[in-house]
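Chemist: As a plain string of letters, each chain reads:
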Amino acid sequence: SQQGEEDPQALSIQEGENATMNCSYKTSINNLQWYRQNSGRGLVHLILIRSNEREKHSGRLRVTLDTSKKSSSLLITASRAADTASYFCAPVNNAGNMLTFGGGTRLMVKP
Amino acid sequence: EPEVTQTPSHQVTQMGQEVILRCVPISNHLYFYWYRQILGQKVEFLVSFYNNEISEKSEIFDDQFSVERPDGSNFTLKIRSTKLEDSAMYFCASSEGTYNEQFFGPGTRLTVL
Numbered sequence: 001s002q003q004g005e006e007d008p009q010a011l012s013i014q015e016g017e018n019a020t021m022n023c024s025y026k027t028s029i030n031n032l033q034w035y036r037q038n039s040g041r042g043l044v045h046l047i048l049i050r051s052n053e054r055e056k057h058s059g060r061l062r063v064t065l066d067t068s069k070k071s072s073s074l075l076i077t078a079s080r081a082a083d084t085a086s087y088f089c090a091p092v093n094n095a096g097n098m099l100t101f102g103g104g105t106r107l108m109v110k111p
Numbered sequence: 001e002p003e004v005t006q007t008p009s010h011q012v013t014q015m016g017q018e019v020i021l022r023c024v025p026i027s028n029h030l031y032f033y034w035y036r037q038i039l040g041q042k043v044e045f046l047v048s049f050y051n052n053e054i055s056e057k058s059e060i061f062d063d064q065f066s067v068e069r070p071d072g073s074n075f076t077l078k079i080r081s082t083k084l085e086d087s088a089m090y091f092c093a094s095s096e097g098t099y100n101e102q103f104f105g106p107g108t109r110l111t112v113l
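Top line first, the protein sequences correspond to chains A and B. Position 104 (the first sequence) corresponds to 104 in the numbering used here; numbering is contiguous. Position 58 (the second sequence) corresponds to 58 in the numbering used here; numbering is contiguous.
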């Protein structure tokens, strides 16, 4: 399947530190989207990166994409306690529009 | 900022009953989706809908499920005869076009007793 697999499964850091989460996928993609989910809540869209892009920024977020390695990373700089959440990558292939989610990375940012 | 809304936030039903979950997608979006998340598990795709037709569906989306856009604003998911295993959080999402960002609603927690 095309689902993204996030690594690590869990990450615990101190406030102010940077957090890096990785995503791997299996087949060629049209784009890859990153989402955040607070416990029991909805999914918040963070960034979409297209297959012809290598890097994208949004505020404290930086996403990279390496299509040759079929991998992406999400970097959160200067983390805050409010960043505590699960983070998911969802690759989208050219055959369809559906998002396929992995198990996510559970990030805990300690104050 | 426009957002996807869903009602109700929590629905409790008896096994075998029909339920309808409602969503109002972002107004200029053309593609609509339903996903579900069983407690503690991954978010799973159910169905996508465009131009009043289902464009994709997963194996989960069997004959017990149906979707409809009854008017210009609502998008509904109907489960005809609920089972215990249908208990989950159901998320609606919408996007402007193919291969665009999908924006999710807050979800409806369905509990089947």
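In short, the hints are calculated from the structure, not lab data. Among the hints, a few may not be true.
[To be verified] Chain B stretches covered by chain A per the calculated footprint, using a threshold of three residues with CB under 8 Å from any CB of chain A:
#1 54 to 61
#2 69 to 81
#3 103 to 113
Where is the CB? At the ideal position from N, CA and C, for every residue including glycine.
Chemist: Per the coverage rule (Cβ-Cβ under 8 Å, at least three residues), is the region 54 to 61 of chain B covered by chain A?
Modeler: holds (count 3)
Chemist: Are there three or more residues in the region 69 to 81 of chain B whose C-beta lies closer than 8 Å to some C-beta of chain A?
Modeler: violated (count 0)
Chemist: At a Cβ distance under 8 Å, does chain A reach at least three residues of the region 103 to 113 of chain B?
Modeler: holds (count 5)
This entry does not satisfy hint 2, going by the numbered hints stated previously; all others are met.
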